[in-house]
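If you're matching positions, the sequence shown starts at 720 in this note's numbering and goes up one per residue.
Honestly, I wouldn't trust all of these hints.
Cβ pair distances, simulated, as ranges [unchecked claim]: (1) R742 with T781: 21 to 27 Å; (2) Q748 with A825: 22 to 28 Å; (3) I842 with Q748: 40 to 46 Å; (4) E775 with E744: 32 to 38 Å.
Each computed DSBU-like pair below joins lysine-lysine, with the alpha-carbon atoms no more than 30 Å apart [claimed, not checked]: (5) K805 with K827; (6) K805 with K785; (7) K785 with K827.
The hints are simulated quantities; they were obtained by calculation from the structure and are not laboratory data.
Virtual Cβ for every residue (Gly too), placed ideally from N, Cα, C.
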Amino acid sequence: MAHLGARLTRIAPGVVHIVLPARPEVTQQHGYFHAGATSSIADSAGGYAAFTLFPENTDVLTVEYKINLLAPALGNHLEAVGTVLKAGRTLTLCQLEVFAAQDDGARKLVANGQQTLIRVNRIE
Numbered sequence: 720m721a722h723l724g725a726r727l728t729r730i731a732p733g734v735v736h737i738v739l740p741a742r743p744e745v746t747q748q749h750g751y752f753h754a755g756a757t758s759s760i761a762d763s764a765g766g767y768a769a770f771t772l773f774p775e776n777t778d779v780l781t782v783e784y785k786i787n788l789l790a791p792a793l794g795n796h797l798e799a800v801g802t803v804l805k806a807g808r809t810l811t812l813c814q815l816e817v818f819a820a821q822d823d824g825a826r827k828l829v830a831n832g833q834q835t836l837i838r839v840n841r842i843e
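Build the full structure now, drawing on both the sequences and the hints.
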């Protein structure tokens, strides 16, 4: 996330928001945010959302995720929202949403998806 320039902007039990400012390094040839950057922040938002509900001495890994790119991602920044739908002892399911946002507060849903994560014991 540091390489992309993304940052956590909200952390609550089962919910995490990540913001990615627009820069040439995260856009494609037409100036839209690249699908890879969009997908990366969605994956991380869901992973951290699940992690907020895990016990100490555990880690989170993505098992799988599917993302639908709904519209060209054009804005001053992207905001990914990961929300836990069901937290299990081993597997956790999250909803993923990514919004393209303007400085004036206007937001548009540009991607959504679903993710399965696994809780693993931390290697000490």
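Taking the hints in turn, this is what the structure says about them:
1. R742 with T781: 21 to 27 Å: The hinted range 21 to 27 Å holds for R742 and T781, with Cβ atoms some 25 Å apart.
2. Q748 with A825: 22 to 28 Å: Hint holds: Cβ distance 24 Å, inside 22 to 28 Å.
3. I842 with Q748: 40 to 46 Å: holds, 41 Å
4. E775 with E744: 32 to 38 Å: holds, 35 Å
5. K805 with K827: Answer holds: K805 to K827 is near 26 Å, not above 30 Å.
6. K805 with K785: At roughly 16 Å apart (the allowed maximum being 30 Å), K785 and K805 satisfy the hint.
7. K785 with K827: It holds: about 19 Å lies between the C-alpha atoms, which stays within 30 Å.
Taken one by one, the earlier hints all hold for this structure without exception.
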